[in-house]
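Engineer: Okay, here's what each chain looks like letter by letter:
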Amino acid sequence: MTHLTTDVLVVGAGGAGMYAAVAAAREGRSVLLLDKGLVGRGGATIMAQMTVAAAIGHEEPDDWTLHLEDTLEAGRGICDEPLSRMLCARAPERILEMERWGTRWAREGGHIKQVTAPGHRRRRCCYVDFLSTGPAVAATLRHQVATAGRVRRVSNVAAIEVCVADGRVRGAIALDLSTGSLVTIAARAVVLAAGGLTKIFRRNSASTNMGGEAYWLALQAGAELVDMEFVQFFPIAHLAPRLVGMDPIMWDPFRYKLGGRLLNGRFEEFIHRYGGEDEGRYTAPRDLASYAILKEVEAGRGSPHGGVYLDFRHLPEATLRAAFGPVIDRLLANGIDLTRMPVEVAPTAHYHMGGIAVDERLETRVAGLFAAGEAVGGPGGANRLSGNAISEALVFGERAGTFAAEAAGGADPGWSPTYVDRARAELADLRAREGRGRAPGVVQAELQDVMWEHAGPFRTRDGLERALARVHALGHELPDLTMAAGDVFNLDVQEWYELRAMLASAEAVVVSALQRTESRGAHQRLDAPQMSPAHEKNQRVSLTGGAMTSRWASVVHESLSARGARLHGPPSKPV
Amino acid sequence: MSAELRVWRGSGGEGRFARYEVPFEEGMSVLDALRWIRTHVDSSLAIRYSCVNANACHTCMALVDGRVEYTCTARLTPAGVTVGPLPKRPVIRDLVTDTMPAEEKLGG
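Just so you know, the sequences run in chain order A and B. Sequential numbering from 1 applies to the first sequence in this note's numbering. Sequential numbering from 1 applies to the second sequence in this note's numbering.
Any given hint might turn out to be false.
What the hints assert, rightly or not - Derived Cβ-Cβ restraints for the label pairs, each shown as a range:
| id | chain 1 | residue 1 | chain 2 | residue 2 | range |
| --- | --- | --- | --- | --- | --- |
| 1 | A | Glu406 | B | Arg16 | 50 to 60 Å |
| 2 | A | Gly280 | B | Gly10 | 48 to 58 Å |
| 3 | B | Arg89 | A | Ala485 | 15 to 25 Å |
| 4 | B | Arg16 | A | Glu518 | 32 to 42 Å |
Hints in this document: simulated from the structure, not taken from any laboratory. Just so you know, even glycine gets a beta-carbon here, dropped at the ideal spot from N, CA and C.
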């Protein structure tokens, strides 16, 4: 069995993981950067076609405290304020550092161009043309990781267990997909940067990495999750006609730049009926827009494929081409001519506000275990602002890597070869069974259906209880699932571990959604449609003796001195 | 309507093309079809992909009717398609070839 030793282990090599690796290496630590797929090619960052919010004030006067106020307002009262504060205060330096590292943010007249997005009172969203923000950020960070000197990158290796002894992280167990064998990793600190859980829903904009693996790893290590009921359903994901080669979220930048009209199946504007305003200007927040679209569909006023129309026909082709150049040709190759036809759009699971509960050092309650990026819970509260996700990846990646490096400076906690015993027995057991149950990927598909039907954008107690029962039933199948023969690149084995993480994540979502008997932000209960002040709290979920339990916790507000400085002093230095 | 896929199965230089019938929908990609096969017919088929649909990860390349293409953007037609592993790359299993940079390998 391969055994590796490192100061800092980073699980997941998307934007947050790569930044964490660079930051830890900068502090002089050795870093092992693992990815289930290929390093720097998977995760969510690389798929992001849109913008990164940061109050650099290039487009118009701005201040990170205004960005913070917008973020807290969108979060509906339950943001983890110290994390929101860290995000907004540090996003500007990350954006500028990325530019020094070679990211070509769109520029105009000598400054970085910034556009608006729903919920932002200033034009503060940076981007790379055309629809290339995520790939450009990923390419920059791949280069930084490759030249950092102390980062060992390993692809096609998935972490399946974090090892903890005496309340302290000792390392992890991973599956090497290329050989089918386990790998043991001794580490003084571990950063979980393996993204969110949107793959547990049938309609999603996720890469194959987003099955909640970071959440499972945190839970089994003894850490807590927070706000797991808050899944962001992106309102206007592409639905029809079939579009290949583009992220279904792609209409967002079109709306930033060009407006576009959102119309129901009868070609009527409708957002205003739900308390929002849109009028072609794209100002309705995501939770409200998703709600409005699904309500129109439910009332029989949807488009043919079960969504609504997004219409750019009022714009001349020259305007479309000036804004999106080659993308217009990619659309034409898909048979989509925006000057002649509207497209159909509908909500899709896009991002997870909930995640691993961490303190202001991005550390969990398990010493030496950190989280970064979308895997972190709390900064967006009940509804993340558009543009804040890549900012999170960069800011929390840098912070987690730096703090993990610090934590890795103490005495070596030590590694015992017995840490792998449980995982080794489990894998041997799995491989010894044959032919009794379904393949893990088939069960994943059923779980996605269950979660979309009963724990998706609209929830009720009945539906959630049904979902919980199905999640438990599918969990009981885990020991009996069938896996294909062969050790090399056996996706069934990888998908078994994914499924285990997906089921745990699904259960955390459903258990939390059942307890929150109100509607707030992205969590909409049809049987409790009002926001209730009594629920202005966070929920924390943990595994106790194999059972998932949730408890209520007070919202972590900013310290009074920080708030005072923010409200009364000059723009303060980032924390 | 259905379409036929001929897909290379095997590793270490040994192998053959296997035939699969896949329900055809206008506009679907070759990757859609390969993923359908894994979920509905044979989960032992090895393929490499991450972003599923967005042509962002660039890891799903294969030989599609003799041309190197991203399977997420190659369109399936009712006439069917032949999918093989990338040429000039060692085959790990089925359509998965060794595209990892040497320094990202565990054994290295």
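Engineer: Run the structure past the numbered hints and jot down the numbers of the failing ones, going up.
Structural biologist: Violated: hint 4 alone.
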